[in-house]
Amino acid sequence: MKGKNMRSRHGSAIITAIGMGIVLLFVIAGVQTFTSYRTQTIIQESRRVKALAIAEAGMELVLAELTKNSAFATHKLDKNLVWLATENRQQSLQDLSTHGFKLNSATSGTYSGKIGDGTFRVRVGLIPYADDPKTTNIDESLSYLRIEALGKYDTTVRRVDAVINRRYPAREFLMYDGGVLSMVYGLPNLSNKNVFSTGHLYGHKGIEIGRIMLSAHSPVGHGTTQELSDMNAIISGAGGIFIYSPIQAQFRERRGLPAKTAVIPTNTTFPTGGTFSSPQARKNGEMPKEIADANPDLPEELRPWIKEKNDKMSMNLEEPTFTTYKTDAKTPKGLFFSKTDSSNKSIKYRMPAGWTKDNSPTLDAVYLDFGSNLRTGNVTLPANFNGVIYSEKNIVVKGNPPKDIHIVSDANVFMAGDFNQGGNPNSFDDFYGLPQDYEPGKNAMTAIDYAPAIRDRFKDDAKPNPPFRHHVAATVVARERIVYDYRSPVDCFENEIYPFMKYKLASAMGSESNAKANCLDKNKNGTINLKSGSTEFEEAIDQFFTDYPIESAESAAASTPTEDALKQKLKDLHANGNMNFDDFDAVSREVWQGYASNYETKTAGTRGEPSAAAKQSSYGVYKFLSGLRAKMGVPDNGNKKDFNPNVITDSPGDFLYYPEMTTNAMFISCGELNTVFYAGPDVVKYYNKIGCLNNDVGLRHSETNHFVHRVFGSEINLRIPAEPKIHRIDASYYIPPTRRKIYDSTLPHMGIKGNKYELVSHIVISWKDTAASEDEYKDF
Amino acid sequence: MRKGFTAVELMIGLIIMSLLLTALYRTFSATRRNAAEIVANHSINDDLDRTLLRITDDIRESNLILPGFPEAVEPMEVSTLATNKNNKLKFEKFLYDYSKDPSTLAAGEVNYTKNEITYYLEPEDDQDPNSPWTLQRSLLPYNNKKQPENSQASVYTILRGIRECVFYRLNEQHTSGGGNVYIRLKLTRIDAEDETKKYSNEITISVKERGANPE
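Those protein sequence lines, which keep their order, are chains A and B. Here the first sequence stands for residues 1 to 780, numbered as in the working numbering. Here the second sequence stands for residues 1 to 215, numbered as in the working numbering.
Pulled out of the complex, with its shape left as it was, chain A reads as follows (with noise of 0.2 Å):
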């Protein structure tokens, strides 16, 4: 009965059971299937962002060997981004196994490899673009690259394609600050004007511009103001722009906008009780906390051309390739100086006080003279050179040299003369090294830049093959400063006074009258006249160098061999007779040699210690110095403090130069600031420069009215923390020159193909992400 009952009840337990088992499965499948959709879109996800990740990896590698080698590429490319043929490279990146980095090597195509648990293969070239005319400072035909890097991360393929703007600050930058770009220069109670012309000017950490006003942050009379010509842009990476005073200002046009002339207008006041965080960097530089961080206003309408922190224009640059350059330097092809070289170019070069990290009098250099017309030089360079000069002492440097080149210290270099603007001995304008000439009734003090034909001169080096070169693509890179040297007159006015020397010996040998006409008037075919009397010309020839002696008075006592023997050679001329243009030009070159060579001493292995003569105003090229400003119409030899330039008479048509000092290269330094610099609109800031002193020299020739230092391409302050930091300079104050820094307009265009040592900033200005197959992957 029992049993029965049970078996009754049998079928609904089932059906229950099966019941409740089928809405059980059903409320489990439904569960897994949304949970397994869930893991699966997660582990999708995190599969595509690995993958997008080591693309963008892939990116960066490849943006670092650009930076490391500019002439990098994997393939070229044609108009329509398409991938062409490879090119050959070289890898820089080492494998780094504890992040899991290992590059595949190769020397050609594309550049790949694995990091962490993927890999990435990653294609760069240059975008076949042409160069646009009217933006001087770049050339576009080699600013744009395209960048398309794959990433694979097990089978998900992700693909990164950039096109990336590439900047070479050394060529298109006046001037780059890697902290505050100050372009606050001069003295109080004057009222000239330094000019900055051409190109970008951009500080990394804000810019700052405006006459002087302040003497170590309390007030004084309004002295010398700044002027921009022809700018291109004003550009703050990050930092405000702050204009202490009104900024006369000429903007180049740009597409789609005329030039504009205008006066940027004061934005900010410079608290003269600011707060800095210490007194010592108050003394260092520091911005007051009380316009630190502002980002003053800055007139709309010239937005266009100035950019401020808000604009995105950052480029924050790596330090120059030292390591390839002395792997370059030490091959046969190359030029370099140990610390320990002992050749005949390495010398004691004495310094000031206060340049020196021990106080010693001297820095152990390499002196490097590149000749000029006047001067053979010193430096003999390897056959097939590339270019690569690199000592690991200071560097001493002048002259001309042959070669597109790149000069680079681990320690200083110091420019101490004329350097790289070579003239044409061929052609009788270039006669004393590159014409300064300027448009007439302008003058070194009043003109901005040279007159249009000489400028072209410069212009047509860029050109293919140009029949002389007056200047060449020259970079010069200091691991700590890069410092003007202004000491010796020989070195730094010699184009000037030597016309001028030829001028006065012509004019003490026969007439002045004669001597204007064939030696300052541009007659090469005129005759030098001399005195028909030997007795009044022998006497002609003692008086020249009594009034412009080569010695001093005492050595001159002494009956000197330099002296003695010129003046002899130079009477043994009058049994000849009348002499034409050359041959007076090689017997004056003789006794500028004299005059030059006897500014130093002569003790062997040290350079830069004044004669004896030249620490006396009696020295001869003071005379002329101080000769050639006051038959230019300088009036009290430019000492007036009211000093007016538009009086000095500077024509074009003869060969009368104003005292000046051109330097001509890419100037790259690497140091932090590390020296007295009162921030704002302040006169107490020590530059690197050296400039002559009272107790040096037998005449101020260095001071702001006495000669213009006319630097002739880009300033590039990188401001790196050195390790070791860079010393202190503490030294005495000296009058600074009035400057003139001009762009070189040639630089984007000379010597930067193929080059692998450019600084350079790379910019994206173009991004896509997308997915890819793993065949794309393959293939690619």
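No false leads were mixed into what you were given.
Stretches of chain A that chain B covers, calculated by requiring three or more beta carbons in the stretch to come under 8 Å of a beta carbon on chain B: (1) 76 to 82; (2) 127 to 139; (3) 306 to 312; (4) 754 to 767.
Hint data in this document are derived by calculation from the structure and do not stem from the laboratory. Ideal Cβ positions, reconstructed from N, Cα and C, are used throughout, including at glycine.
Start from chain A and add chain B according to the hints.
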């Protein structure tokens, strides 16, 4: 005697059966409701992810985020920021044509066109202070003479039902262009019965600007 169920047995069986079925239904129903809840909550997460990914991609492809859009604020002000109509994210994307010879460009012509893109918020109900917001994306193309093509401007709705959405930058010293753009986005379920148990998700992301101004 014929075997069978008595009425009492049948009733007891039916009662047990109905109790079992009721319990089963309640279990099933609760599970289904929970699953639906989870799916709905996940769709909030998906909407957040999708929207932020969309904006992130957009910013990464851009060249220039326009100054002031969004405004830079001090870090301590971030928590006080609230959704409003004036809080906008505005940037530009440039499209270059490298096949052109720049020397042949006419006066005022450039070798690129650009799109100006703006993300902005609108309340779904202007009268309701607690109204959720809608995120819009507008696009204004410019021609190669740098002139806007207003007739081709368009607006696209990215997401509705937003509880909070804020764009901002941080005031950071010596950082070009602000460096990062921050987006705080909060979504809350509006269909849940119990107001206190509404699912919400809030994410703040930062996007590093990559591109640059072509000039």
